[in-house]
Amino acid sequence: MKFLFDSDTWQEIYGSIRKNKVRTGITIIGVLWGIFLLVVLLGAARGLENSFNKAFGNFATNSVFVWTQSTDTPFKGFQKGRRFRLNMKDIQVLKSEYADEIKLLAPRNQTMNLIVKDFKSGSFKVSGDFPVLDQIQKKKLIYGRFLNQNDITSSAKVTVISEDIYKQFFEKDEMPIGQNIKINSINYKVIGVYEASNTANIDGDTAYIPFSTYKKVYNTANNIDWMMITANEGIDIEQMESDVLLTLKNLHKVHPEDERAFGSFNLGKEIAKFTGFLTGMQFLTWFVGIATLIAGVFAIGNILLITVKERTKEIGIRRALGATPKSIRQQIILESVFLTTVAGMVGIIMGATVLMIIDTLFGQGEDATLVNPTVNIPIILAAFTALVVLGTLIGLIPAHMATVVKPIEALREE
Amino acid sequence: MIRIEKLHKSYPIGKDSLHVLKGIDLHIKEGEFVSIMGSSGSGKSTLLNIVGLLDIHDEGDYYLNGQLIKDLNEKKAAILRNKFLGFVFQSFNLISYKTALENVALPLYYKGMNRKERLKVAMDYLDKVGLKDWASHLPNELSGGQKQRVAIARALVTNPKVVLADEPTGALDTTTTDSVMDLLKDINDEGMTVFVITHEEEVAEQTKRIVRLRDGIIISDTPTKAAKAL
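These protein sequences, in sequence, are chains A and B.
Numbering-wise, the first sequence is residues 1 to 414 according to my numbering.
Numbering-wise, the second sequence is residues 1001 to 1230 according to my numbering.
I should point out that these hints are in silico values taken from the structure, not numbers from a laboratory.
Be a bit skeptical, because a hint or two may be false.
Think about it this way: if two alpha-carbon atoms lie no more than 30 Å apart in a straight line, the pair counts; the simulated DSS-like pairs of lysine-lysine are [said to hold, decoys possible]:
| hint | chain 1 | residue 1 | chain 2 | residue 2 |
| --- | --- | --- | --- | --- |
| 1 | B | K1076 | A | K313 |
| 2 | B | K1161 | A | K406 |
| 3 | A | K313 | B | K1075 |
| 4 | A | K309 | B | K1015 |
| 5 | B | K1076 | A | K309 |
| 6 | B | K1116 | A | K19 |
| 7 | B | K1029 | A | K406 |
| 8 | B | K1098 | A | K326 |
| 9 | A | K406 | B | K1075 |
| 10 | B | K1161 | A | K326 |
| 11 | A | K406 | B | K1015 |
| 12 | A | K172 | A | K157 |
| 13 | A | K189 | A | K138 |
| 14 | A | K19 | B | K1075 |
| 15 | A | K406 | B | K1006 |
| 16 | A | K19 | B | K1098 |
| 17 | B | K1076 | A | K326 |
| 18 | B | K1111 | A | K406 |
| 19 | A | K309 | B | K1075 |
| 20 | A | K313 | B | K1111 |
| 21 | B | K1070 | A | K326 |
| 22 | B | K1070 | A | K406 |
| 23 | A | K313 | B | K1161 |
| 24 | A | K19 | B | K1111 |
| 25 | B | K1111 | B | K1076 |
| 26 | B | K1076 | A | K406 |
| 27 | B | K1120 | A | K313 |
| 28 | A | K80 | A | K249 |
| 29 | B | K1120 | A | K326 |
| 30 | B | K1083 | A | K406 |
| 31 | B | K1116 | A | K326 |
| 32 | B | K1083 | B | K1128 |
| 33 | B | K1132 | A | K19 |
| 34 | A | K406 | B | K1098 |
| 35 | A | K406 | B | K1022 |
| 36 | B | K1128 | A | K313 |
Residues from chain A that face chain B, not an exhaustive set, calculated with beta carbons under 10 Å [claimed, not checked]:
| hint | residue |
| --- | --- |
| 37 | D8 |
| 38 | K313 |
| 39 | G316 |
| 40 | R319 |
No residue lacks a Cβ here, since even glycine has one placed at the ideal position from N, Cα and C.
Use the sequences and the hints to build the structure in full.
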């Protein structure tokens, strides 16, 4: 290994590279392009993943939504096409039967209503909810607070409105907390305003009121429109979905194989699909990047082979002067490794620069398409190591070619 | 210094083989100035290549500095070449992207000498061949005679036992031929064994012993007038 730190070795390499500036440059571009692509693609894929995570970050992604439709199979004396409703008893049963699986359970009632304040009015969704909703679907509050247990217990006439509702009924920067708005001709005190973000919000612009208040005002008795269920960590969300549906079918005297009676949406499953897509994209990125890298390394091997061929005579001279085959081999391999290393480093730096530019152009703000496009240092180190190893291996071929020719034949070459 | 006994060498050409050297016996003592003469195809280049360890013989014995040359691998051959032999070629064979000084210093690099020291030694030898002022020039900035003098300096720089010159004046005009031959004579006068291959009678006349080859056999081996004059 001593030869690595010998300034003469590098002098020799510098000499032979300097001799073929253009060719060396073009060769370097091959490898440089490969690692550049790898870095940029990986960074972009990461950015996409980040922006995806950001969009769903406020939402418990292992959630299932369940609602009722109408039966499609006659069962236990009921005709098909029967309509029925979920109720609070279902919630109790699910909570006790799936105590281990279910983390959060939010029964919900929703309707469209006219909201009036002073001389302004507008139609918005009104939702009767429990405080637990905030845990399933995190709300970013600009003013005040979300619903709490006291509001439920006392059936308080309070509401948490969206940013857009606030903008329609209030002046800019007006303090909404404590003011009243009329929903369906009943006064509610505004206790909170939540931010309308571009992140996943399946409710849209909604005025949230306590579940108990909703029950009284809209006379829904024990009925509920639909529910949101969040599973505990490590629970198979699809399995839980089908188990819960079976229990509900049993409770409501629905045929176990009725496909239409219950509607459900498995957020976890949908996200898994998208995550699968991301994984696929990452695989593609790796594949393209590494293939390009290998192509680049082969280009280096190829060019060294040509160089060796062109330098046959020079190598012959060197051998006549006492160069051992080993010293010739070392020099050519080192040249290969040196070229790949330089190309790799420049490629990584260029890739990182492009990622920085992407980050400043598209990576910041609310609507960022690629959030923090980055590449892990260990990945870069691994790619770099692979590059050096490949450079060594590919250098072996021309190095071998250079030494199999007898010095006399090499010298005879013109 | 060089002892060759019943040396044979043939090259395969297709199915046949060309018998180039057909039993050469040659003994060159230390300090001799020998020229090998012969027309092309007489086997003189082959003989030089074998003597220079650039090629291997088929039969017979070859002793270099008392050491029997047999079953040499490339590494050993390279070390022996570096230690005992200096080469001067017809086409100079300087490395085009290295300066005169670096070219002269190259054998010392393979000997393992450090850069500072070898550049100093190389400069001494360049001075000896009268090219000190041209040290930093590339070969294509030098005339033919100057190139050959650089090549001679390179051959001498490791202080070898034998200098092997293959048609050293083949690419030079009469004036430069004389200056190169004068240089070789000076080297010989200092005690170096010099072994020249040539087909020019005037060049051979300036050495001390002429060995004539024809069809792979030595037909005469005589001292020259220059030698008799001593």
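Hint numbers not upheld by this structure, sorted from lowest to highest:
none
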